[in-house]
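Work out the full structure: start from the sequences and follow the hints.
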Amino acid sequence: MHRVLLTAVVLTWLLPSAQGSDSPVRFQVQPMAAPKPALRYVLLPEVRELHPGNPAQWYVRCFAEQRNFFFSKEGVTERERYRALPLAQLRSQHLDDYGGNALRQADWAARLDALDWQVGQRLRTDGLDVQLPEVQPLRILGMALQARFRARIAAGHFDSAIDNAKTMFGLARHLGQYPALAGNQIGLSIANQAVDSLDEMVQQPGCPNLYWALTDLPRHVVELRQGVQGDRTQADVELARIHDDAPMSAEELEQVVSRLSGRMGFAREQAGLPPRSVRAGLEARVHNADQVRAACRRLASAECTDDASAPQAAYQFLELSMKYNKFPPMQVILLDEKRAYQARRDQTMKLLGLEAWQIDNMLAREKRSADKGLFDGFGPDLLQMKWAQARLEQRLALLRHVEALRLYAAGHHGKLPRQLADMELPLPSDPFTGKPFRYHLDGATAYLDGGSPRGDGNQPTYNIHYEITIR
Amino acid sequence: MAVMLPPLDQLDPADAWAPWRPTATDPWNRKWAAHLYRRAAFGANRAELIQAVRLGPDATLDALFRGGAIRAGKPGVPGVAEANRILDETLEDIGRIAADRDDAGQQIRGWWLYVILQGGHPLREKMTLFWHNHFATSIAKVQNPLLMFRQNCLLRHHALDHFGALLQGISRDPAMLFWLDGNSNVKGRPNENYARELMELFSLGVGHYTEKDVRAGARAFTGWHTDSQRFRFDTRVHDDGSKTFLGRTGPWNGGDILHIILAQPACARFLVRKLYHYLISESTDPPDALLEPLCKTFRQSNYDVAALVRTMLASRLFYSEHAFRQRIKSPVEYVVGAVRAVYGAYPEGDPDYQPLPPQVLVRWVNDMGQRLFAPPNVKGWPGAQAWLNTSTVLERDNFAAALASGSLWSHAPAGATPPKAFDAARVVHEEGARGAEDAVRVLLDLYVPGGVRPTTRTKLVAFVANGSATGPTFDQRVREAVHAILTMPEYQLA
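Those sequence lines, one after another, are chains A and B.
Quick note: the first sequence, position 185, residue 185 per this note's numbering, numbers continuous.
Quick note: the second sequence, position 206, residue 1206 per this note's numbering, numbers continuous.
Because the hints were derived from the structure by calculation, they are not lab data.
Don't be surprised by glycine CBs; every beta carbon is placed ideally from N, CA and C.
Warning: the hint list may mix true and false statements.
Result set (DSSO-like, lysine-lysine): computed pairs, CA atoms no more than 30 Å apart in a straight line [claimed, not checked]:
# : chain 1 : residue 1 : chain 2 : residue 2
1 : B       : Lys1141   : A       : Lys73
2 : B       : Lys1459   : B       : Lys1212
3 : B       : Lys1296   : B       : Lys1212
4 : B       : Lys1420   : B       : Lys1459
5 : B       : Lys1420   : A       : Lys73
6 : B       : Lys1141   : B       : Lys1187
7 : A       : Lys435    : A       : Lys415
8 : B       : Lys1420   : A       : Lys372
9 : B       : Lys1274   : B       : Lys1379
Derived Cβ-Cβ restraints for the label pairs, each shown as a range [to be verified]:
#  : chain 1 : residue 1 : chain 2 : residue 2 : range
10 : A       : Glu254    : B       : Ala1289   : 45 to 53 Å
11 : B       : Glu1321   : A       : Gly281    : 44 to 52 Å
12 : A       : Arg276    : B       : Asn1377   : 24 to 32 Å
13 : B       : Arg1230   : A       : Pro86     : 55 to 63 Å
14 : A       : Thr445    : B       : Gly1471   : 20 to 28 Å
15 : A       : Asn68     : B       : Leu1394   : 19 to 27 Å
16 : B       : Asn1466   : A       : Thr445    : 52 to 60 Å
17 : A       : Arg40     : B       : Asp1350   : 46 to 54 Å
Structure below.
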């Protein structure tokens, strides 16, 4: 069950290399017209490339092919070096086929048509006890693919570099179908790595224009829906251990508390966060008779099915109150926390189908409490996941702007437009504002500014600034 | 300048073990505070050093014994003990989950490093590590992370308790029973493994028992088995006949054997000497006469480990050149100590806060030669000079480079500015140091209080001074200087 394990760690990996407000992302690009035909290049495998088969198995086969390549100390050091070396130095390394067969398995996998991660049933039966050991190595696979991507860019082999990008986006998209957010998070991380390298590629002399290739990408390259629902399923299996039909014994309750405390704590341990005691909060509440009584009332009230104005409603409430009064205080508190968690979770989940800026606006109006309940650590913070998804989309949208500027410059003697509207091309809006990106031209440099969700404006990963000049 | 004590064989034991009192010529300062933290914990960070110097040796030692409250900074506040109890239960809850999803010990190694780093009771962890090496049991044979975890909890629970309770617990511990073949110890076919190690390595030492005692002891432990989960006494295979053990005859069982062992003067002598090497010095073997007062008190206190440890750590001998830098840091001490010194412990929620994933450290500790939960044999790690060889020194160097550059936890390219919490150059800014001389003073004061050789200092200053005195390139040189400090001979010493 590496889902919880990965939660906080991966959130830090999701931070792409493009810097925030303190360090602008600088592009020096050549004018470049659109390729002919316009979709000569695309960034995801097309239907005509697909073969029958389940990609999940083939991604795992990458590691069976060459374990040392991925995990040995030398392999790790070499990979990190190739991911960090300036392109000019990477050119001399002749790494076009870096990873050999191991990465060719990933190319094949990304072009298979019947994805099935084959973990859904286990999530439904084993809940948080399910381990997902195949997920974590895929992040390493993404890094290896990025190293090969950069090597191909450095060599000026743009066609094969774009093939590599297709594999990375294909893998990221497949991970978006993983029924646990931990998988979706890795997908976002890999897609961000692909964008890092695309940012480098479009600055290379002769790089084809990718405006239409970027336009062709789906709205969400990495989906979160499966992951959110998978996590919800796992959490509900765990919460079902807290019975609401009969009093639980002290031993049963200790088992539940120990599991909860261990799970929450283990996620924090893996992420390197200091221990936070679930037990302390629970014990404080259990020993407060007023809080236990109030919890009983809330549970009875939430369970009442009769209209509160109906005569029998009071009777039903009384009956339910009496039921919960017979429960041990620890069970009452746990049930109350479970009820509150499920309500809070759905309040957030219902927003995830909206655009990031729409969610941001709604949250600003609702002024939600920042209070966290006992079970809120069960999975990643859903809003942070949504912001991470929007952050990727913001970077893709900004890159599409860069490519639009190259298109414009190609048709206007290398000049940049004074305003975005001059380009007469459809341009995506900023996912965080729902509005066009802020743009201005100062001399020979174009400036593009991205927005941020409210309250996170000072985070270094937001408020992204692009500076584009034409070579 | 510290007051020089006479050589060990000329030292008056009463004088050596008397509580140390700082003087004008030998004051309580960073040198001694760091010395205490290296022995009673895994090294101190800057804030702890500052606080320790302010509190004085007694209050610092009290805080280290109390645990938890060090972090809270509110010693004596009601509820601290209760908070510590709940924290301990939480850490065990976490360890149980870690063990549950472990196979070869990787997860529980990370968990233990987490407890050491963030559990709030480094002295207890230091002693848990001591007992882990004393009752050395390896997952390589036990093959069960949950049992290894439970043994670790047992060691922790009794780490500063009475030794008898720990000995009783470990003799019934399922991991130990697997390790030393308890289940094959049956009436008529006694397996001597546990009885032999019990006396040779766990309590008395060679020369204080005979082969007959080993055989009698093994018979007494027949039937002390495990069902793979817990201890089980199988009366059917227990030999309840009469045995003569260490001169006493009776129908002894395992518990009786332990009582008889604890009644031997050799037991206290064996443990006191081993603790002396762990807490005071491993470079010299002290004369019996020097240890005898401690042995006597230890026995009289019913083997109160906490009292013995406190006496040692508060003594004049401890705060003398007989103890200062007289041990080589084990890999755990080296890694955790360096991390604690470099890491900026901002509160969670602070913009500069960075988490500290313990799993990252496991590989380094392993490669430096200390695979926790897998000591090389029943004698444990030999320690001392054996920690340092061409391979492990190289690992220490590589680790120091990754830590000092800030790349240990992130994949930042070489030369990039690390997050503030991981930035080894941060301390220079925090102390407002200006120029190379000042920066090196600050670094040495944090990493090697007590000084280094003058030539080393001169070289460091020259290195840091080579370029501009401020800005990113200066910071980069400071980080490289930290790397150099972490690889110095002085830094390898506890």
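Against the structure, the hints come out as follows:
1. B:Lys1141 / A:Lys73: holds, 27 Å
2. B:Lys1459 / B:Lys1212: violated, 62 Å
3. B:Lys1296 / B:Lys1212: With Cα atoms ~28 Å apart, Lys1296 (chain B) and Lys1212 (chain B) stay inside 30 Å; holds.
4. B:Lys1420 / B:Lys1459: holds, 26 Å
5. B:Lys1420 / A:Lys73: holds, 27 Å
6. B:Lys1141 / B:Lys1187: holds, 24 Å
7. A:Lys435 / A:Lys415: holds, 25 Å
8. B:Lys1420 / A:Lys372: Cα-Cα ~28 Å, so holds.
9. B:Lys1274 / B:Lys1379: holds, 12 Å
10. A:Glu254 / B:Ala1289: 45 to 53 Å: holds, 52 Å
11. B:Glu1321 / A:Gly281: 44 to 52 Å: At roughly 49 Å between Cβ atoms, Gly281 (chain A) and Glu1321 (chain B) fall inside 44 to 52 Å, so the hint holds.
12. A:Arg276 / B:Asn1377: 24 to 32 Å: violated, 39 Å
13. B:Arg1230 / A:Pro86: 55 to 63 Å: holds, 60 Å
14. A:Thr445 / B:Gly1471: 20 to 28 Å: holds, 25 Å
15. A:Asn68 / B:Leu1394: 19 to 27 Å: holds, 20 Å
16. B:Asn1466 / A:Thr445: 52 to 60 Å: Since Asn1466 (chain B) and Thr445 (chain A) have Cβ atoms about 36 Å apart, the given range 52 to 60 Å is violated.
17. A:Arg40 / B:Asp1350: 46 to 54 Å: holds, 50 Å
Violated hints for the displayed structure, listed by number in ascending order: 2, 12, 16.
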